[in-house]
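Produce the complete structure using the sequences and hints provided.
Note that the protein sequences, when read in sequence, are chains A and B.
Under my numbering, residues 1 to 222 are what the first sequence spells out, in order.
Under my numbering, residues 1 to 346 are what the second sequence spells out, in order.
Just so you know, these hints were derived from the structure itself, not from any lab.
Do not rely on the hints blindly, as some may be mistaken.
Said to hold, decoys possible - What the simulated footprint calls covered on chain B by chain A, stretch by stretch (three residues with Cβ under 8 Å from a Cβ of chain A suffice, anywhere in the stretch; the number is not a length): (1) 101-109; (2) 201-212.
What the hints assert, rightly or not - Derived coverage of chain A by chain B (criterion: at least 3 residues anywhere in the stretch with Cβ under 8 Å from a Cβ of chain B; other residues may be distant): (3) 62-73; (4) 119-132.
Owing to the predicted nature of the structure, the values given are computational and were not obtained by experimental measurement.
Glycine included, each C-beta is placed from N, C-alpha and C at the ideal position.
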Amino acid sequence: MAMVSKSRLCIRVWILKSSTNISRRQMVHEMKAIVPHLVRFICFVPIAQLAFAAYRNSLGPDPADALATGTGEWALRFLILSLCVTPFRKIFGLAVIAPFRRTFGLVALLYASIHVLVYVAFLLQFRWSEIFEDVLERPYISVGFISFCILIILGITSPKWVVRRLGRKWKLVHTAVYPASILAIIHLLWILRADVAEALFYAMILLPILGYRVVLYIARTH
Amino acid sequence: MLIKAAPDISSSEITPESVYLGRRKFMSGGVGLALGAAAGGFSSLAFAADGDGLRAAAPSDLVRSAPAQWWEDKFRSISPVEPGSAFSTDETLTPYSDVVSYNNFYEFGVEKGDPIANSGAFEVDPWSVTIEGEVDKPGIYNLEDILKPHDLQERIYRLRCVERWSMVIPWVGFPLADLIKQFQPNSKAKYVQFFTLFEPSQMPGQRSRFGTITWPYREGLRIDEAVHPLTFLAVGVYGNYLPPQNGAPIRLVVPWKYGFKSIKSIVKIRFTETEPETSWNMLAPTEYGFYANVNPEVHHPRWRQDMETRLPQSLFSASRTQTELFNGYGEQVASLYSGMDLKKFY
Numbered sequence: 001m002a003m004v005s006k007s008r009l010c011i012r013v014w015i016l017k018s019s020t021n022i023s024r025r026q027m028v029h030e031m032k033a034i035v036p037h038l039v040r041f042i043c044f045v046p047i048a049q050l051a052f053a054a055y056r057n058s059l060g061p062d063p064a065d066a067l068a069t070g071t072g073e074w075a076l077r078f079l080i081l082s083l084c085v086t087p088f089r090k091i092f093g094l095a096v097i098a099p100f101r102r103t104f105g106l107v108a109l110l111y112a113s114i115h116v117l118v119y120v121a122f123l124l125q126f127r128w129s130e131i132f133e134d135v136l137e138r139p140y141i142s143v144g145f146i147s148f149c150i151l152i153i154l155g156i157t158s159p160k161w162v163v164r165r166l167g168r169k170w171k172l173v174h175t176a177v178y179p180a181s182i183l184a185i186i187h188l189l190w191i192l193r194a195d196v197a198e199a200l201f202y203a204m205i206l207l208p209i210l211g212y213r214v215v216l217y218i219a220r221t222h
Numbered sequence: 001m002l003i004k005a006a007p008d009i010s011s012s013e014i015t016p017e018s019v020y021l022g023r024r025k026f027m028s029g030g031v032g033l034a035l036g037a038a039a040g041g042f043s044s045l046a047f048a049a050d051g052d053g054l055r056a057a058a059p060s061d062l063v064r065s066a067p068a069q070w071w072e073d074k075f076r077s078i079s080p081v082e083p084g085s086a087f088s089t090d091e092t093l094t095p096y097s098d099v100v101s102y103n104n105f106y107e108f109g110v111e112k113g114d115p116i117a118n119s120g121a122f123e124v125d126p127w128s129v130t131i132e133g134e135v136d137k138p139g140i141y142n143l144e145d146i147l148k149p150h151d152l153q154e155r156i157y158r159l160r161c162v163e164r165w166s167m168v169i170p171w172v173g174f175p176l177a178d179l180i181k182q183f184q185p186n187s188k189a190k191y192v193q194f195f196t197l198f199e200p201s202q203m204p205g206q207r208s209r210f211g212t213i214t215w216p217y218r219e220g221l222r223i224d225e226a227v228h229p230l231t232f233l234a235v236g237v238y239g240n241y242l243p244p245q246n247g248a249p250i251r252l253v254v255p256w257k258y259g260f261k262s263i264k265s266i267v268k269i270r271f272t273e274t275e276p277e278t279s280w281n282m283l284a285p286t287e288y289g290f291y292a293n294v295n296p297e298v299h300h301p302r303w304r305q306d307m308e309t310r311l312p313q314s315l316f317s318a319s320r321t322q323t324e325l326f327n328g329y330g331e332q333v334a335s336l337y338s339g340m341d342l343k344k345f346y
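Structure follows, in structure tokens:
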């Protein structure tokens, strides 16, 4: 997918450069059209880096663990990034960034899926009984798993026709993104017991977003 | 109190590294080559051709210079480990590059790569160790004086981390029992407690405002565990000086317990009558007990303990191995715990 958007981007740029009788307005329009592709392309940089490092065997002596950590961290980052979109759009009046909420959310799901796949395939090598036991008995894995399940539901309900079909219910379903993020941060917090700085960093970003949502909700209902 | 100063050394007195290195039989670059190569592709075992050489030496391009002249003198003769003895294993060694770059040493940061990245300027000379508590010869001693009566020897031990990974590491040092004899603990000494250096200016992890460990890091052993022949004080690894990230200049190695018991960069040893505080137990008593013996049947709340990943790994290798009770040292240490419920005293 990364390659597709990159090649499309190249073609557009090439067309822009090569055509001489293009108007300025058209050009600005074309440039604007490139932005979403560019953003999508950037979203794939971390996974490309991780994959390249895995290919070169430069992830250290425990590559599966490094890959699980890396994809998990990026899943959380994109999840929080998707939550930042709406407050930014409303506060700064940036209507153009609206579609990125969906982009970042889906990218978060993608990274979370790879994270879970690495855990199942590389760390536990498909020993399902052990995986089930982990999910049921190890609280830090339980909360991570619940968060992942929520993200899957959000992903399934994100195509435009599903959004239309769900109507008003869609918004309600997608408030689940907040518990998903909180659980993801708890998941991180319980892994790193000795220093809570990283988990706290994400919590400090999430907190004002949550506050903003609560304020909006109160303003709307009163 | 006995306080001795380490002698000053002029740089001209220091033996060039090449002279020191010339003494040793090196393996033919296997470890160095294995650096970027697929795991398991190269054997990192090195066998000395004569009785004088060590079984394992660091690759020549990765060896460290001595912290001071006396360290070089100390490392001039190291008795190699006897193959086939309980102090050795013929399992494949974890390559030097992995041993010195994949570390848990939270004083230098919580990520595995943090200790090597943040400890480059760590000062290990001069170094003194305080001996206190139930002991006939308490005092603050220079490390040089502490090491003086002890000949260095090689040990090849398995190291099992509670996080479910393990390594095989050739240490250089001497038995803790010898040091304990040196300072003559009295009859009230039932336990030994160890403390890591507390120096936030040198250890960034200790400066973190969000750390949950109570510094300084501390660990402890029952006195019979401490004088067990397997219990080792390491001052070197792979025939070379201990790098800071591995616990320079002196660290504990207790091979039948989880790695966090093997405390690093020791500055204080205290003999006590009652069970001493240990850092991880203070932080999470339900997760970490005082004994922390490797036990495949007692699971940590966050990690099953019946299997382990022997490092290094590649992504598609399925080399998880069964964890053994007491990390495979049961024959030597099981008698220490006869009659004890290991599920209760985890």
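Cross-check of the supplied hints:
As drawn, the region 101-109 of chain B meets chain A at 3 residues by the rule of a beta-carbon pair under 8 Å; at three or more, the given contact holds. A count of 6 residues in the region 201-212 of chain B with a Cβ less than 8 Å from any Cβ of chain A is obtained; the coverage claim is therefore met, three being the minimum. Residue count for the region 62-73 of chain A with a Cβ under 8 Å from a Cβ of chain B: 5. That meets the three needed, and the coverage hint holds. Coverage of the region 119-132 of chain A by chain B holds in this model, with 3 residues showing a Cβ closer than 8 Å to a Cβ of that chain against a need of three.
Hint violations for this structure: none, all hints satisfied.
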